[in-house]
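Chemist: Below are the chains, spelled out letter by letter.
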Amino acid sequence: MTYIAKPKLRHPGIPVNKRGFTHRDYEGSISTLCAGCGHDSISFAIIQACFELNIEPHRVAKLSGIGCSSKTPDYLLGQSHGFNSVHGRMPSVLTGANLANKELLYLGVSGDGDSASIGLGQFVHCVRRGVNMVYITENNGVYGLTKGQFSATADKGSKSKAGGFNADSPLDLVSMALMVGATFVGRSFSGDKTQMVPLIMAAMSHPGPAFIDIVSPCVAFNNHAGSTKAYDFVRAHNEAVNRLDIMEPREAIKVEYAPGTTEDVALHDGSTLKLAKLAADYDPFDRIGAMNYLQSRAAAGELVTGLIYMDNGPKDMHANLNTVDAPLNRLSEKELCPGSAGLAAYNAAHS
Amino acid sequence: MSQIKSVNDFVVKFANVNGSGSASANEMFARSILRMGVPVTSRNIFPSNIQGLPTWYEVRVSGKGWLGRRGGVDLMVAMNPQTWDKDVASIDPGGYLFYDSSRPIPASKFRDDINIIRMPLTEISNAAYKDPRQRQLFKNIIYIGALSQLLGIEIEVLEKLIGEQYKSKEALIAPNHQALRMGHDYARDHLSEACNLKVERANEVGKRIFVTGNDAAGLGCVYGGATVAAWYPITPSTSVAEAFAKHCRKYRVDKETGKNKFAIVQSEDEISAIGTVIGASWNGARAFTATSGPGISLMQEFLGLAYFAEIPAVIIDVQRGGPSTGMPTRTQQSDLLVCAYASHGDTKHVLLIPEDPRELFEFCAKSFDLAERLQTPIFVLEDLDIGMNDWLCEPFAWDDKRTYDRGKVMTAQELEAGKTFGRYLDVDGDAIPYRTLPGTHPSKGAYFTRGSSRDRFAKYSEEGAVYQDNMQRLLRKFETAKSLVPAPVIEKAREKAKCGVIYFGSTAPAMREALAALAADGIHLDTMRLRAFPFSEAVSDFINAYDQVFLVEQNRDAQMRSLLVNECGIDPARFISILHYDGQVITARFIINAIAERMSLTSREAAE
Numbered sequence: 002m003t004y005i006a007k008p009k010l011r012h013p014g015i016p017v018n019k020r021g022f023t024h025r026d027y028e029g030s031i032s033t034l035c036a037g038c039g040h041d042s043i044s045f046a047i048i049q050a051c052f053e054l055n056i057e058p059h060r061v062a063k064l065s066g067i068g069c070s071s072k073t074p075d076y077l078l079g080q081s082h083g084f085n086s087v088h089g090r091m092p093s094v095l096t097g098a099n100l101a102n103k104e105l106l107y108l109g110v111s112g113d114g115d116s117a118s119i120g121l122g123q124f125v126h127c128v129r130r131g132v133n134m135v136y137i138t139e140n141n142g143v144y145g146l147t148k149g150q151f152s153a154t155a156d157k158g159s160k161s162k163a164g165g166f167n168a169d170s171p172l173d174l175v176s177m178a179l180m181v182g183a184t185f186v187g188r189s190f191s192g193d194k195t196q197m198v199p200l201i202m203a204a205m206s207h208p209g210p211a212f213i214d215i216v217s218p219c220v221a222f223n224n225h226a227g228s229t230k231a232y233d234f235v236r237a238h239n240e241a242v243n244r245l246d247i248m249e250p251r252e253a254i255k256v257e258y259a260p261g262t263t264e265d266v267a268l269h270d271g272s273t274l275k276l277a278k279l280a281a282d283y284d285p286f287d288r289i290g291a292m293n294y295l296q297s298r299a300a301a302g303e304l305v306t307g308l309i310y311m312d313n314g315p316k317d318m319h320a321n322l323n324t325v326d327a328p329l330n331r332l333s334e335k336e337l338c339p340g341s342a343g344l345a346a347y348n349a350a351h352s
Numbered sequence: 145m146s147q148i149k150s151v152n153d154f155v156v157k158f159a160n161v162n163g164s165g166s167a168s169a170n171e172m173f174a175r176s177i178l179r180m181g182v183p184v185t186s187r188n189i190f191p192s193n194i195q196g197l198p199t200w201y202e203v204r205v206s207g208k209g210w211l212g213r214r215g216g217v218d219l220m221v222a223m224n225p226q227t228w229d230k231d232v233a234s235i236d237p238g239g240y241l242f243y244d245s246s247r248p249i250p251a252s253k254f255r256d257d258i259n260i261i262r263m264p265l266t267e268i269s270n271a272a273y274k275d276p277r278q279r280q281l282f283k284n285i286i287y288i289g290a291l292s293q294l295l296g297i298e299i300e301v302l303e304k305l306i307g308e309q310y311k312s313k314e315a316l317i318a319p320n321h322q323a324l325r326m327g328h329d330y331a332r333d334h335l336s337e338a339c340n341l342k343v344e345r346a347n348e349v350g351k352r353i354f355v356t357g358n359d360a361a362g363l364g365c366v367y368g369g370a371t372v373a374a375w376y377p378i379t380p381s382t383s384v385a386e387a388f389a390k391h392c393r394k395y396r397v398d399k400e401t402g403k404n405k406f407a408i409v410q411s412e413d414e415i416s417a418i419g420t421v422i423g424a425s426w427n428g429a430r431a432f433t434a435t436s437g438p439g440i441s442l443m444q445e446f447l448g449l450a451y452f453a454e455i456p457a458v459i460i461d462v463q464r465g466g467p468s469t470g471m472p473t474r475t476q477q478s479d480l481l482v483c484a485y486a487s488h489g490d491t492k493h494v495l496l497i498p499e500d501p502r503e504l505f506e507f508c509a510k511s512f513d514l515a516e517r518l519q520t521p522i523f524v525l526e527d528l529d530i531g532m533n534d535w536l537c538e539p540f541a542w543d544d545k546r547t548y549d550r551g552k553v554m555t556a557q558e559l560e561a562g563k564t565f566g567r568y569l570d571v572d573g574d575a576i577p578y579r580t581l582p583g584t585h586p587s588k589g590a591y592f593t594r595g596s597s598r599d600r601f602a603k604y605s606e607e608g609a610v611y612q613d614n615m616q617r618l619l620r621k622f623e624t625a626k627s628l629v630p631a632p633v634i635e636k637a638r639e640k641a642k643c644g645v646i647y648f649g650s651t652a653p654a655m656r657e658a659l660a661a662l663a664a665d666g667i668h669l670d671t672m673r674l675r676a677f678p679f680s681e682a683v684s685d686f687i688n689a690y691d692q693v694f695l696v697e698q699n700r701d702a703q704m705r706s707l708l709v710n711e712c713g714i715d716p717a718r719f720i721s722i723l724h725y726d727g728q729v730i731t732a733r734f735i736i737n738a739i740a741e742r743m744s745l746t747s748r749e750a751a752e
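For the protein sequence lines, the chains are A and B, in the order given.
Each residue of the first sequence is one higher than the one before, starting from 2 at the first, in my numbering.
Each residue of the second sequence is one higher than the one before, starting from 145 at the first, in my numbering.
No lab work stands behind these hints, which were simulated from the structure alone.
Among the clues, some could well be false.
As the list claims (entries may be wrong) - Okay, the calculated beta carbon distance ranges per label pair:
hint, chain 1, residue 1, chain 2, residue 2, range
1, A, Val181, B, Glu267, 42 to 48 angstroms
2, B, Gly489, A, Met180, 57 to 63 angstroms
3, A, Gly340, B, Ala660, 53 to 59 angstroms
4, A, Arg129, B, Val397, 24 to 30 angstroms
5, B, Glu400, A, Val181, 33 to 39 angstroms
Claimed, not checked - List of simulated lysine to aspartate or glutamate pairs, EDC-like, C-alpha gap at most 16 angstroms:
hint, chain 1, residue 1, chain 2, residue 2
6, B, Lys545, A, Asp317
7, A, Lys335, B, Asp544
8, B, Lys588, A, Glu28
9, A, Lys335, B, Asp549
10, B, Lys394, A, Glu336
11, B, Lys351, A, Glu334
12, B, Lys399, A, Glu336
13, B, Lys253, A, Asp317
14, B, Lys403, A, Glu28
15, B, Lys405, A, Glu28
16, B, Lys545, A, Asp326
Where a beta carbon is used, it is the ideal one built from N, C-alpha and C, also for glycine.
Sequences and hints are given; from them, build the entire structure.
Modeler: Shown next, in the form of structure tokens:
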């Protein structure tokens, strides 16, 4: 219903966060995606996470590639600058944007076609470089905008809506992210808001390359029996390894967990991540253990979700490049141009 | 036997095997002549290989200051048996062949119209050194020593250069001096009077500096305020990024904190490199990439995005021989069209075309002003000849009062004051809209950047009229660009000219020499050196003033002619194309012959 402008009217009792923003301040245009699309649930979860974290909307830059998922930045954070770039190439644009101004929060929204097929190279290299960002793939296993072709994350043997079978091996972006050095890796399901919101909040608080793969069924082309990305299938095979809760400093703990099953993790922004362990022996601070666990559960047909890995002391691209504290886009000729004195030395050295 | 006799005006060519350490010895040879006050230029002709293939180094000595390639060879230093026949054949009659006579070469392999200078270099080197690598490296220094004696280069000058070169490795100075002396003394004792080419001390170099274009380009980007560079290694552009890194380490490290006022990313490919440049520029940093033809091919989709979404970007294209992998270590001017009209759909891009390292420095610095002013990609089109060869050019200059033109960026204050912001709205009549940077204002000025069609307020639209309105504005913006890019350099002949000649880029020094020679023969030509695309009115005015205009290009398809015909609506028959595209640097002799032949044809036709 894109032709309908969003009403500006606000309910007087609408909740306000610490910075005085309401949910409405984090919304964007009305979604043009299909009714029931998992991607819209993810957009809501992002909005909720920003609200909870008291983020100033204009201090976020949202970037995407091409595809259904890549349209969604338009449907959230209307006061943020957005960049809908070219197919599969958002990671490089985000890398450049981040280089220019390290002070903003960079949100990359992509899909399985955009990140696992055409953009696989850019995805892994962006993560490798340690770009400080939240990178979310809205993973539905199909190309929605071109009406239902398999993507590279479709499981072998999956059935397409048109009746075809996928003979190719699937590509798991979560394993890939772990392998190439993401310092925050999570997976979730668009049908599970209680898992998604704290996971996105934790990723936004993480000062390094944070990646979340969110399985998000395509109601139009991949929600049938025989698809491993359908709502019913994911619900039946979802194996959450933990539950998260983000708490701001000094705030009372709301949720009570059985003793010995929770862990408090201090995050860089001063808040605390409360981690409730669902799989008793799962350690999300062990990269190699996480990779082994993922592989063995995948072999058993389960989809591991939750906080899969976190390095709580990451170094990001700017640290690696040893850049100055001020954003590069704020430096002027005074700081950048060596002037005629510099040239005199150059000319002398070359005569 | 005739002997070419010349003082301060000849061509020496070294034929070597790459990886043998000859490059630094040969460069020292060229520098020693410069230090004697005699202008030289050098051209390195190298393979896409690290060790074992033929490589040449050509030194043009010109007291008169002709800095292009002349054509022909007066003295061949033949150190590579693989290319012997071709090397011997390329010597001008009466010229000299200097070679390593340690192993016998059959008489049939020589010519009787050239002068042979024999020196048992391997024998001498092997007798003096035991280590095989030393034998190889010092052999190069030995022949430089011999040449200094043969040509009259002061050996003290060479000794001083060795001292400068090994400033930080002092132990190497004495053995190099010794090798130099060894060669020099052998020539003095055995080869006196063998060569009539001489270098005589002069005062013709002045304040000029000897630099490669790629080094100048890297420096130009530092001066232009680039803070982000993203690149992928490709010959012949790699040394631009490396030079930028080197100059940044020198000029851009904060003294107090030791932190960098720059960021350099070696991307995974050229697509990523241009993407990073676009992302950084979108977010208000000055950013560039350096690449060559194949990289330009890969960047096409992103270049269309930058054009259509109006994002600044600077692309330094060091052109090489195409198409495909083509001749990666040879020079050409064959990326004009792929850059001017890069990407699918209707696009036009700004090209800057420098003539030498000095102008390249200037254009690189200026390109960031243009990119931000015009909010569009700016291509700096240099080539392998300018980029990778040492050129003698005027010292670089910078006006300390100069400030950066950051273009139309709406500030938080302006937004707060209620100034209307439409990302694609032409408010000033120059078709350049205002942009805002991410994070500027809490509630005003945010917009969605996209490669899809949108209205003046950046709202998605596939309506025909809205799309056309935007495309027309982009055309008008390109009109604005005409007044901002460097104007062509037009020079009138001393006598009234019937014809004009157009040239651009690295053709310039050979062209100057050719023009002087043609004028001496009574052929006078007005000239226009193109420096940018789009073309201003001065360009078509120049062409329209003559019935026939020569157009000298270093490509097969006369790409500049296509651009001129297409953009200025000129009758293609007015142009006489002179095309040089074998990958070697264009020579003055080639231009002279091509123009003289055509002129005599024309005068003969007129007489008949």
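Chemist: The structure should be examined with respect to each hint, and the outcome stated for every one.
Modeler: Hint-by-hint comparison with the structure:
Checked against the hint of 42 to 48 angstroms, the pair Val181 of chain A and Glu267 of chain B fails, with Cβ atoms roughly 57 angstroms apart. In this structure, Gly489 of chain B and Met180 of chain A break the distance hint of 57 to 63 angstroms, their C-beta atoms being roughly 38 angstroms apart. Between Gly340 of chain A and Ala660 of chain B the Cβ separation comes to about 37 angstroms, which falls outside the hinted range of 53 to 59 angstroms. Range check, Arg129 of chain A to Val397 of chain B: Cβ separation about 25 angstroms, and the 24 to 30 angstroms hint holds.
Between Glu400 of chain B and Val181 of chain A, the C-beta spacing of about 35 angstroms keeps the proposed range 33 to 39 angstroms intact. For the given pair, Lys545 of chain B sits about 37 angstroms from Asp317 of chain A by alpha-carbon distance, which is inconsistent with the 16 angstroms threshold. This hinted pair checks out: Lys335 of chain A and Asp544 of chain B have alpha carbons roughly 10 angstroms apart, not beyond 16 angstroms. For the suggested pair Lys588 of chain B and Glu28 of chain A, the alpha carbons sit about 15 angstroms apart, so the restraint of at most 16 angstroms is met.
Of the supplied pair hints, the one linking Lys335 of chain A and Asp549 of chain B holds, its CA atoms being roughly 13 angstroms apart against a limit of 16 angstroms. Simply put, Lys394 of chain B and Glu336 of chain A have alpha-carbon atoms about 13 angstroms apart, close enough for the 16 angstroms limit, and the pair holds. With a C-alpha separation of about 27 angstroms, the suggested pair Lys351 of chain B and Glu334 of chain A falls outside the 16 angstroms cut-off, and the hint is violated. Distance check on the hinted pair: Lys399 of chain B and Glu336 of chain A sit about 11 angstroms apart at the alpha-carbon level, within 16 angstroms; holds.
This hinted pair does not check out: Lys253 of chain B and Asp317 of chain A have alpha carbons roughly 64 angstroms apart, beyond 16 angstroms. Distance restraint check for Lys403 of chain B and Glu28 of chain A: the Cα-Cα separation of roughly 38 angstroms exceeds the 16 angstroms cut-off, and the hinted pair is therefore not satisfied. Of the pairs offered as hints, the one joining Lys405 of chain B and Glu28 of chain A is violated, with about 36 angstroms between alpha carbons and a cut-off of 16 angstroms exceeded. Restraint check for Lys545 of chain B and Asp326 of chain A: the C-alpha separation of about 27 angstroms exceeds 16 angstroms, so the hint is violated.
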